[in-house]
Amino acid sequence: MRDHRASGIPLERILLYAVLFFLAVMFLLPVYVMVCNSLKPLDEIRSGNLMSLPVQWTVDPWFTAWSTAQIGVQPTGLRPYFYNSFLLVIPAVVISTLIGALNGYILTQFRFRGANALFAAMLFSVFIPFQIVLIPMAKTLGILGMAGTVKGLIFVNSVYGIGFTTLFFRNYYAAFPQELVRSARIDGADFFGVLFRILLPSSAPIIVVTVIWQFTNIWNEFLFGASFSDYSSFPITVALNNLVNSSTGVKEYNVHFAGAFIAAIPTLIVYLLSGKYFVRGLMAGSVKG
Amino acid sequence: MAALDLINVEKSFGSNKILHDISVSLAHGEFLVLVGPSGCGKSTLMNIIAGLEEPSGGQLRLDGRDITPLAPADRNISMVFQSYALYPNMTVAKNIEFPLAMRKVEKSKRAERVKSVARLLQIEHLLDRKPRQLSGGQRQRVAIGRALAREPQLYLFDEPLSNLDAQLRLDMRTEIKKLHHRLGATIVYVTHDQIEAMTLATRIAVMKGGVLQQLGSPYEVYNQPANMFVAGFMGSPRMNLIKSRLAQANGSLALEINNADHPLVRIPLPAPSAALSAYAGRDVFAGIRAEAVRLARDGMAPTATECMFDARVEVIEPTGADTLVVLDLGGKEFTVRLEPDVQLKPGQDARFLVELSKLVCFDADTERRIA
Amino acid sequence: MRAGALPKLLLSPSVLLVLVCVYGYIMFTLYLSFTTSMMMPSYEWAGTTNYQRLFVLENWRVSLGNLWIFALLYIGVAIALGLGFAIMIDQHIRAEGAFRSIFLYPMALSFIVTGTAWKWLLDPGVGLEHTLRDLGWQSFTFGWIKDSDMAIYCVVIAAVWQTTGFVMALFLAGLRGVDAEQVSAARVDGARSWQIYLHIIIPQLGPVFVSAFVILAHMAIKSYDLIIALTNGGPGRSTWLPSVFMYQYSFTRNEMAVGAASAVMMLAGIAVVVLPYLYSEMRKVKNA
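Protein chains in written order, with the working numbering: chain A, 1 to 289; chain B, 1 to 371; chain C, 1 to 288.
One should not assume that every hint holds.
Stated by the list, open to error - Derived DEER-like restraints, expressed as beta-carbon distance ranges:
no., chain 1, residue 1, chain 2, residue 2, range
1, B, Asp-74, A, Ala-117, 53 to 59 Å
2, C, Gly-206, A, Arg-197, 40 to 46 Å
3, A, Lys-276, C, Pro-203, 27 to 33 Å
4, A, Met-51, C, Glu-96, 24 to 30 Å
5, A, Pro-205, C, Leu-57, 45 to 51 Å
Claimed, not checked - Here are the computed lysine-lysine pairs in the DSSO-like style, where the Cα-Cα straight-line distance is at most 27 Å:
no., chain 1, residue 1, chain 2, residue 2
6, C, Lys-284, B, Lys-130
7, B, Lys-358, B, Lys-243
8, A, Lys-139, C, Lys-222
9, B, Lys-130, B, Lys-115
10, B, Lys-130, B, Lys-104
11, B, Lys-178, B, Lys-109
12, C, Lys-222, A, Lys-151
13, B, Lys-208, B, Lys-243
14, B, Lys-115, B, Lys-104
15, B, Lys-94, B, Lys-109
16, C, Lys-146, A, Lys-251
17, B, Lys-243, B, Lys-332
To be verified - Short, incomplete list of chain C residues facing chain A, as computed with Cβ under 8 Å:
no., residue
18, Leu-17
19, Tyr-51
20, Phe-55
21, Val-113
22, Ala-173
23, Pro-235
24, Asn-254
25, Met-256
26, Leu-278
For the record, the hints were derived by calculation from the structure and aren't laboratory data.
Keep in mind the model is a prediction, meaning the values are calculated, not measured.
All residues carry an ideal CB built from backbone N, CA and C; glycine is no exception.
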């Protein structure tokens with residue numbers, strides 16, 4: 001509560017901080033366990049418990065996860081798939097963001113019949129279960145010759161990212177002061193003039209939000225990766241799942257944890273650096289957050 | 001026993017001192033208005049009285065009871081907020097009932113009380129509506145109704161009329177004054193509008209920069225302002241304040257307004273007070289209200305307490321009810337309030353009579369009134 | 001400004017892509033659900049046989065039952081916790097930013113990462129049970145993830161951990177949107193903190209509850225990655241959800257038409273939840 005006084009009885013405050021602290025520890029526990037146990041040799045995990053710090057520190061699991069772990073039939077570690085993910089994410093983010101900006105501009109600055117219906121259709125596309133497009137998309141990629149390639153994944157992720165990016169930019173430009181656009185038009189700015197000279201220069205916040213949102217979502221994406229790529233084009237999420245789920249016999253927990261952390265690092269870094277922009281993306285992504 | 005005592009109340013935010021040593025004693029049934037420009041600390045003082053903020057120093061007593069450490073709920077006060085602060089998810093009836101429900105008043109008594117308050121404020125027909133369905137004036141009444149529900153020892157009003165349009169503001173002002181008389185309630189009221197202060201208050205506390213400039217009746221504050229700030233803040237148009245020299249000549253005092261390039265204007269003071277006489281030979285600020293001057297028509301002579309002077313008309317502002325005329329008096333602007341049908345033209349020289357018993361003088365350095 | 005040819009032209013690729021790759025594909029899959037497709041798509045009409053088959057398949061009933069349990073618990077717990085966290089953080093906490101960051105970071109992780117971490121955390125052999133026993137509590141058991149009846153609850157735990165921060169962010173924004181003067185008025189009126197939350201603040205959060213519900217419900221229906229990483233549908237098929245069913249039947253069991261039918265059912269479920277919400281939001285957009 002926005003209380004001007006130093007709130008309440010000290011006991012209540014102490015309890016509050018205690019509860020929050022406890023919850024924070026609970027939330028951090030999985031990461032702690034992951035990192036901790038990724039630095040232990042396997043027998044220490046099996047004989048000891050998950051919570052204890054490593055007695056015998058080793059970075060071997062990380063090397064294994066990165067370069068020698070068995071992914072499918074190849075003992076390549078996660079490295080090639082880590083690169084695959086970058087090869088996928090960067091173009092897909094750029095494409096979907098640019099198209100989203102263009103769409104948002106057109107939908108807010110121009111009137112035409114069906115504009116609202118179109119926006120509603122794009123909005124709904126964000127909610128659909130992607131299972132429903134798997135079969136026809138597989139066929140399409142086959143026809144286009146992009147089946148099992150990173151290019152195919154770029155295409156798929158871009159297409160299904162357009163709904164979100166359009167939503168973000170549309171809401172942003174809808175709140176943009178119209179007087180600026182009008183006076184630019186009076187001064188003679190044409191279609192691209194308004195976009196490149198007035199709107200885009202002021203779009204830094206929403207561009208950041210969109211890029212962060214798309215980067216996080218596409219990097220973390222699994223279903224399309226599992227359905228449309230093969231061993232040469234797996235993104236890291238698929239590779240990680242492959243590593244963990246198909247290991248028979250000895251389960252190398254430490255390698256799994258190291259691998260999971262490797263897969264998590266890029267989006268975690270983006271999260272830590274982006275702070276409020278990440279949150280804004282979440283809120284905007286909840287339509288009228 | 002006073003109804004409300006503010007004893008040496010101070011408030012600082014970090015190193016920023018917002019309120020300096022405020023002491024006020026309010027009797028039962030009084031209507032105290034805290035008035036001053038934005039940032040003078042009046043809202044902070046109100047929040048402290050309400051218990052929404054803690055003072056950094058000093059004490060508050062309600063009917064002799066020390067309420068300084070008490071939470072707002074335990075102080076037996078009610079407050080009406082500037083934005084009305086009605087609870088949007090409750091009907092009008094439930095809004096008014098809320099403080100009673102919180103005090104665990106019996107259900108039948110609550111209903112009865114809501115009805116009588118609604119009748120008093122003429123909002124019975126609105127009881128089942130939600131706040132978003134009401135106009136500004138109606139919301140204001142509901143806010144007042146909610147404050148009245150509990151019959152507390154003290155009512156606080158925080159700029160309640162600021163969000164209303166001009167005509168509605170005047171109507172509600174009268175309503176509030178009528179309520180005050182009907183209920184005999186003790187009220188502390190905050191506003192930045194000095195006319196509201198004048199019309200509503202039994203006593204006015206003029207504040208500036210967290211310091212109490214003057215505490216007095218509307219008459220005192222208007223006619224005997226404690227310093228130049230109060231003189232300039234209260235009254236519209238503001239009091240004319242002219243820097244002049246108190247010259248002594250032939251055993252009598254006169255105000256001399258001496259500006260370069262302008263002829264000397266001399267206003268003799270036939271009966272100066274002893275305190276004023278002590279300022280002979282020094283600079284003072286002479287204060288005269290616009291309505292203390294009249295146009296000298298042909299054949300008029302000054303009375304014993306008046307003085308005649310000449311000045312050039314600069315601007316004429318007819319308001320309908322009267323005419324405000326800005327004069328050039330020795331190079332300074334001087335506003336006078338004349339009859340609505342006066343015939344004067346800009347640039348014209350004219351003769352005026354000023355009522356000297358209404359003159360107040362201020363020390364040029366301390367800006368305080370010379371008694 | 002009225003749209004000339006250029007804006008329409010530039011918009012059309014997106015329109016085309018959405019029409020084809022979203023609605024066109026939906027139509028295609030819908031059609032397939034009425035065919036005899038097995039390993040490959042076939043266009044031979046089969047009427048409603050596939051839907052009939054769905055309703056008798058044990059796997060589908062398990063999937064639906066699991067979805068029901070999962071969705072109810074996931075949505076209920078995430079909203080309750082999210083609201084609770086938001087209220088606590090709203091109390092003028094020092095290091096508010098740090099707490100928010102800690103509760104929200106799981107949203108930055110892939111469900112695969114989350115599933116992998118929790119998979120071993122909840123495993124009795126190496127995770128919680130083993131750890132607590134090792135620390136002295138010999139009789140502690142927590143084998144839910146290996147138990148057909150309880151495994152679905154493990155999915156709930158992991159999913160709640162992932163998303164609570166997001167719900168918290170939604171409610172925090174809602175809480176801060178409440179007029180501070182109303183809270184002051186309530187304090188003067190005699191209400192204690194809990195009464196102010198109960199009578200005044202939370203009733204105003206209606207729209208936030210709705211938003212959170214819609215988003216969580218649609219996430220629950222779409223949940224796939226988490227299941228695969230956490231339990232891979234197991235033990236056996238006890239943590240199957242419709243999404244797992246669809247993938248299995250379409251691509252592994254070569255009953256593509258049945259898989260298509262299940263996808264259509266998923267879409268129907270989401271439509272029921274999302275369409276009314278979208279409709280009211282679009283009305284607001286139109287009136288704005």
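Exercise. Any hints from earlier that this structure breaks? Give me their numbers in increasing order, please.
Key: 19, 20, 23 and 24
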